[in-house]
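Protein chains: 4
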Amino acid sequence: MSKPVPHSRADYPHFLPLQTRWADNDVYGHINNAVYYFYFDTLVNRFLIDNDLLRTGSSTGTGGTSDPIGLVVETGCSYFAPLSFPDPIMAGLRVAKLGSSSVRYEIALFAGDETSAAAQGHFVHVYVDAAERRPVALSDKMRGTLSKILAP
Amino acid sequence: MSKPVPHSRADYPHFLPLQTRWADNDVYGHINNAVYYFYFDTLVNRFLIDNDLLRTGSSTGTGGTSDPIGLVVETGCSYFAPLSFPDPIMAGLRVAKLGSSSVRYEIALFAGDETSAAAQGHFVHVYVDAAERRPVALSDKMRGTLSKILAP
Amino acid sequence: MSKPVPHSRADYPHFLPLQTRWADNDVYGHINNAVYYFYFDTLVNRFLIDNDLLRTGSSTGTGGTSDPIGLVVETGCSYFAPLSFPDPIMAGLRVAKLGSSSVRYEIALFAGDETSAAAQGHFVHVYVDAAERRPVALSDKMRGTLSKILAP
Amino acid sequence: MSKPVPHSRADYPHFLPLQTRWADNDVYGHINNAVYYFYFDTLVNRFLIDNDLLRTGSSTGTGGTSDPIGLVVETGCSYFAPLSFPDPIMAGLRVAKLGSSSVRYEIALFAGDETSAAAQGHFVHVYVDAAERRPVALSDKMRGTLSKILAP
Chain F
2 MSKPVPHSRA
12 DYPHFLPLQT
22 RWADNDVYGH
32 INNAVYYFYF
42 DTLVNRFLID
52 NDLLRTGSST
62 GTGGTSDPIG
72 LVVETGCSYF
82 APLSFPDPIM
92 AGLRVAKLGS
102 SSVRYEIALF
112 AGDETSAAAQ
122 GHFVHVYVDA
132 AERRPVALSD
142 KMRGTLSKIL
152 AP
Chain W
2 MSKPVPHSRA
12 DYPHFLPLQT
22 RWADNDVYGH
32 INNAVYYFYF
42 DTLVNRFLID
52 NDLLRTGSST
62 GTGGTSDPIG
72 LVVETGCSYF
82 APLSFPDPIM
92 AGLRVAKLGS
102 SSVRYEIALF
112 AGDETSAAAQ
122 GHFVHVYVDA
132 AERRPVALSD
142 KMRGTLSKIL
152 AP
Chain L
2 MSKPVPHSRA
12 DYPHFLPLQT
22 RWADNDVYGH
32 INNAVYYFYF
42 DTLVNRFLID
52 NDLLRTGSST
62 GTGGTSDPIG
72 LVVETGCSYF
82 APLSFPDPIM
92 AGLRVAKLGS
102 SSVRYEIALF
112 AGDETSAAAQ
122 GHFVHVYVDA
132 AERRPVALSD
142 KMRGTLSKIL
152 AP
Chain E
2 MSKPVPHSRA
12 DYPHFLPLQT
22 RWADNDVYGH
32 INNAVYYFYF
42 DTLVNRFLID
52 NDLLRTGSST
62 GTGGTSDPIG
72 LVVETGCSYF
82 APLSFPDPIM
92 AGLRVAKLGS
102 SSVRYEIALF
112 AGDETSAAAQ
122 GHFVHVYVDA
132 AERRPVALSD
142 KMRGTLSKIL
152 AP
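Protein chains in written order, with this note's numbering: chain F, 2 to 153; chain W, 2 to 153; chain L, 2 to 153; chain E, 2 to 153.
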């Protein structure tokens, strides 16, 4: 594996401030490696919800919807510097690749006013129909919105 | 508030061994107070599933079912002694009160071979219909099964 | 048990906005009952840290400190109405009882602009010395700060 | 990226059964992608603890130790098939690369009696001294133990 180089804020078109929690810290006083993926998850899904590309099903009492589901097929993260509660995190999001039915997101987490990422990762969604779980093409609306945050 | 007295294993009719996780420990090296409720949740729902009183909806792709839903309306826990990863926990379950549409469970967590609880708590379910979220009577089947683990 | 009555915002002197996460939602599309305790934990510890009453030990590499430790001895929560990601939560904090070595906090969680609590709970800290884990008196500084958010 | 091929049980020399929790499932009724990393974390650290290569600091009240710390510098996971509570998981562990101060673990998660992995990932530790956080050589004892689970 080649060693990844920390991205800078200028590499990202979309940001979401993330709040850390007491229990995010592990026994060493830093945020546990798995918790980063809760941040990724939240960042991606908030972007989709805020852009009307994902509906959450709480009002139906079923927790689900009949829309295509974005299955997570791959995730990864490189950790460069520790992050810790109670410090807030600034999370950057970009789309690295738009496939016919898949999206590869890249995410960078920045501590405080730092311009170099403390961690960065990726998150790949494949869209499938809820019933059969077979890949379906991204909608034009989704493709249009995601194109706006495409990495150069 | 009166100070609760630790229960013993003999006070509980049903047990489930629980596995601890690395990230359950907080910065002080002990299991975080909130994580205990994940144990309670798992213990109660495993009991219901294993006794055919709860179906999980994963095969439908919706995450839900049309059955009545057990809403959690109250939980609580008293912590007597620390628990820590990597030690396994033995969890005891009993029903303290069977209402017309509600169940009050009591849970005790035991470390290793200890006979006195390291923590104990309660967990109250109210059953509602999935659509309207109005209370519904416990089924005879549920009442029958839960009666078998009633506290004296 | 007597049924608790939802508190209003006016009952609380201190607030912290809380961010919800995608994975906070359970299979029913609402925030899991255990996750509320991560909110409580974060609210209480942020108050202590922001008022210089708790130092986190991340810079030492040990995750700990030599200060007295606030052990959580009791927690509880009543759930009145569901909360869900992606909605933000406003959390209210007050001190219900200041003992010689203990503090009972009360917490209420409000959805959006709601004035009536969606959930409320309590969280009891007993302060002990880090080495022997025996109760120690609250410092004058702590007592002074906590008095400012005492419930009427 | 090249698409990874699911490993089989025969590819792994060490196993740990993992217990799933109710709250591991997300709104779609499957285990959330981030939770897999809690499994990885637990598997790796349990292996180290069980082989006397990691001491947890709970008895000191500090949560830490003076031993070298294994910092997580990279993690990743490919998801092939869903896993769900309440089903147990069998987790396989192997060492893919032993560096001078780093270890690359590979992990595969198997559902029930399945021989093909439902998910597989990696987890890279770099060992540093607790005070300065500079890389330190793996001990002979660690190198010896980890060699026993080296991938072919």
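For the record, the hints were derived by calculation from the structure and aren't laboratory data. Some hints here could point you the wrong way.
Since the list can't tell identical chains apart, any single copy or any two copies may satisfy a pair.
Mimicking DSS-like on lysine-lysine, the simulated pairs with C-alpha atoms at most 30 Å apart in a straight line are [as the list claims (entries may be wrong)]:
id, residue 1, residue 2
1, K142, K98
2, K4, K142
3, K98, K4
4, K98, K149
Do the hints match the structure? See the list:
no., hint, result
1, K142 <-> K98, "within (16 Å within a copy, 44 Å between copies)"
2, K4 <-> K142, "between (36 Å within a copy, 27 Å between copies)"
3, K98 <-> K4, "both (21 Å within a copy, 15 Å between copies)"
4, K98 <-> K149, "within (12 Å within a copy, 39 Å between copies)"
Violated hints are absent here; each numbered hint is respected by the structure.
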